[in-house]
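Chains as they are written, first to last, in my numbering: chain A, 2 to 397; chain B, 61 to 288.
To be clear, the hints were calculated from the coordinates, so they are not data collected in a lab.
Computed from a predicted structure; not experimentally measured.
Accuracy of the hints is not assured; some may be wrong.
[Stated by the list, open to error] Derived SDA-like pairs: lysine to any residue, alpha-carbon spacing no greater than 25 Å straight-line:
(1) K184/B <-> S56/A
(2) K189/B <-> K49/A
(3) K196/B <-> V160/B
(4) K337/A <-> L68/A
(5) K49/A <-> E229/B
(6) K196/B <-> K51/A
(7) K189/B <-> K337/A
(8) K196/B <-> K110/A
(9) K204/B <-> S56/A
(10) K184/B <-> Q378/A
(11) K204/B <-> K49/A
(12) K189/B <-> R58/A
(13) K227/B <-> K196/B
(14) K196/B <-> F253/A
(15) K189/B <-> K299/A
(16) K189/B <-> F254/A
(17) K184/B <-> K49/A
(18) K252/B <-> Q378/A
(19) K51/A <-> D171/B
(20) K110/A <-> E89/A
(21) K184/B <-> L68/A
(22) K184/B <-> K110/A
(23) K196/B <-> Y86/A
(24) K184/B <-> G168/A
(25) K187/A <-> E229/B
(26) K189/B <-> S96/A
(27) K189/B <-> G252/A
(28) K189/B <-> I271/A
(29) K189/B <-> K110/A
(30) K184/B <-> K51/A
[Said to hold, decoys possible] Some chain A residues flagged as far from chain B (calculated, every beta-carbon gap over 10 Å):
(31) V54
(32) M185
(33) D247
(34) G252
[To be verified] Part of the chain A face toward chain B, derived, beta carbon under 7 Å:
(35) L114
(36) P139
(37) G186
(38) N395
By construction, the Cβ of each residue, glycine as well, lies at the ideal position given by its N, Cα and C atoms.
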Amino acid sequence: MSTRKQDSAGVSRRSFLTGALKLGATFGISQFLPEFALPVLGETIPGKEKLLVRSVRPTDLETPVELLNSFITPIDLFYVRSHLYTPEVELEDWSLSVGGMVGTPLSLKLDDLKKLPRKTVTVTLECAGNGRAFFDPPVAGIQWGKGAVGTARWTGVSLADVLKKAGLKSGVKYITANGADRPMGKVPDMVRNVPLEKALHPDTVLAWEMNGQPIPALHGFPLRLIVPGWEAAYSVKWLIDLQAADAEYDGFFVKTAYRFPKKPVAPGTILDPKDTAPLLGLVVKSIITTPKHGLKVKVGEKVMVSGFAWAGESDIVKVDVSTDRGSTWRPARLGKEHERYAWRQFFYEWTAPESGSHTILSRATDDKGRTQPVTAQWNQSGYLWNVIDQVRINAE
Amino acid sequence: MLNNQEVLGVLGVLGVLGVLGVRKRRENKMIQSFFRRFNRKTVKFLAISFVLGMVFCFSLKTTAFSQNSILNSQDSQDSQDSQDSQDTSGLPNSDGVEVVRDKCVVCHEADLIVQQRLDRAGWKREIGKMVRWGTKLTDAETEKLADYLALHFGKTKAGASVGLAAKGEAVFLEKCLTCHEADLTEQQQLSKAGWEREVGKMVRWGAQVSEEEKPALVEFLTGKYGVR
């Protein structure tokens, strides 16, 4: 009896403290906290110690590209992009609601989803703003270098199977997805929508596993929408709600952000959102991850140049490498692992012919004939940086 | 948004309610039903910890305020040295930093700001977005913030030493622009070593820049016309 009493008191105290913290957040009480109670800058994020911290809160972490050397990116190396604070989701409290223009609105627990046929997709996720730091003139936002990209195996169920259970009414054009992350103040909620055709594609999944384990909190526990081949903001984390709608969702992250100029603009031009269109699939791109930029090698020493190339929904057909600043190009060998929405690894053996500084370039081409450009198309949000990649090596 | 006193007031009322909960537990039906879920000890614990916590936070905050105001008054008296200093957040300590600390580094950290390089118009756009997203700023604060951000996190990287760069700007205006216009300088983007070489060359070519003025001039040039 006394044990039970203590337990209930413990629980009340805990829920009270959580409540007080939430109340505090609502009233901007962090101004009130003493210095030592605030997050320490330069602190690494547990489980992500090797990543570059671009923002502590919300949490935005970039992978140093020289650490990317396997087809599947281990979770501890996988980049993190969050617009809002990471929500603490308890599985017992969690459910996914499916509503809007459906015949049968649903409220599903994870166990309900697990009764549907399993689906695993291997997908390269890349933040639309990967490479933003290279745009000139510089643009606002997290200054991503090259490492907001990674590949994981995502296991769950096809979104189409869930939508079928709910029964879509005629006239549905978009599936709107919302996560458990909640904005502070008047910050817009991170809500995205997927055009119906892509939403119904069998490879678009609701995933609860990342690389064979439950999706970690930073990556969207317990459920994440995975929209293969499209810029990663479509892959909504901490998913709690799907709505079938006949129009685009009227919110910042659909109507203003994640959009690209309809026509190329002069660098520095700020456009009205009406002159922009939503980003969809990723563009063709490659990065050299080994050797690390600035590495010193010996003349005559064999150097294995390797990296990754991807093109969203398209297939990489070749990666060319140049070791003479782009005068001549030779094909790199593509890795054996080859999956529809995942990057291809590439390898190119090179020996420094003489001492001095050498520049190695990589250029990918996809099955649509698209290839990486020499200069980027400047846009005000700094999306889709995909120019020919380069690293410099010093030979002695 | 509520100010500190108002937040304290709200907490005070809650604290009093907690105490009432202890005393009136058996008298008022509504309070009784509310507090029924907790046992007496818990309610007492909540009330006491709430009040103690408030006092604790308030005393710390007051100390912090007074330390800040001491620092600020030192700033104005002894501007050169203290303006050169920078806290670990990467926010240079010059006019406007208090707006960043009070209004921006509440919902996110300084890291989000210091990595960006925008011109004043760009920062104004970002500030406008943040205001739409809930930040409360007066017009004066907005202008101050835009000035501060454009100065330190402008299109070209500002040097860490603001005071030194300001001194360097005076040298630039006085000693460099006697022989050439600013355009010659503005089109270049050089590293610190690069600007040191250029200044050295100019001195060899006759520029009247003293050894003492050189570091300030280089700091200014690197900050304003440095590589990104």
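Here is what the structure says about each hint:
1. K184/B <-> S56/A: The hint holds at about 21 Å.
2. K189/B <-> K49/A: Violated, at about 30 Å.
3. K196/B <-> V160/B: Holds, because 12 Å separates the two Cα atoms, which is no more than 25 Å.
4. K337/A <-> L68/A: Satisfied, since the Cα-Cα distance of roughly 20 Å is no more than 25 Å.
5. K49/A <-> E229/B: Outside the cut-off at roughly 43 Å; violated.
6. K196/B <-> K51/A: 36 Å, violated
7. K189/B <-> K337/A: 46 Å, violated
8. K196/B <-> K110/A: Roughly 40 Å separates the two Cα atoms, so the pair is violated.
9. K204/B <-> S56/A: 24 Å, holds
10. K184/B <-> Q378/A: 24 Å, holds
11. K204/B <-> K49/A: Answer violated: K204/B to K49/A is near 37 Å, above 25 Å.
12. K189/B <-> R58/A: Satisfied, since the Cα-Cα distance of roughly 18 Å is no more than 25 Å.
13. K227/B <-> K196/B: 34 Å, violated
14. K196/B <-> F253/A: 19 Å, holds
15. K189/B <-> K299/A: 51 Å, violated
16. K189/B <-> F254/A: With a Cα-Cα distance of about 13 Å, the restraint between K189/B and F254/A holds, given a limit of 25 Å.
17. K184/B <-> K49/A: This hinted pair is violated, its Cα atoms lying about 34 Å apart.
18. K252/B <-> Q378/A: 30 Å, violated
19. K51/A <-> D171/B: 18 Å, holds
20. K110/A <-> E89/A: With Cα atoms ~17 Å apart, K110/A and E89/A stay inside 25 Å; holds.
21. K184/B <-> L68/A: Distance ~37 Å between K184/B and L68/A Cα, so the pair is violated.
22. K184/B <-> K110/A: Roughly 45 Å separates the two Cα atoms, so the pair is violated.
23. K196/B <-> Y86/A: 20 Å, holds
24. K184/B <-> G168/A: 47 Å, violated
25. K187/A <-> E229/B: 40 Å, violated
26. K189/B <-> S96/A: 32 Å, violated
27. K189/B <-> G252/A: Holds: K189/B and G252/A sit about 14 Å apart, inside 25 Å.
28. K189/B <-> I271/A: Within the cut-off at roughly 14 Å; holds.
29. K189/B <-> K110/A: Violated, at roughly 37 Å.
30. K184/B <-> K51/A: 34 Å, violated
31. V54: Contrary to the label, V54/A does not stay out of reach of chain B, its closest Cβ about 7 Å off (not over 10 Å).
32. M185: At about 5 Å from chain B, M185/A fails to clear the 10 Å cut-off, so the statement is violated.
33. D247: Per Cβ check, D247/A is outside 10 Å of chain B; nearest 27 Å; holds.
34. G252: Holds: least Cβ distance 12 Å, greater than 10 Å.
35. L114: 33 Å, violated
36. P139: 4 Å, holds
37. G186: 2 Å, holds
38. N395: Hint on N395/A: violated, closest Cβ of chain B at ~17 Å, above 7 Å.
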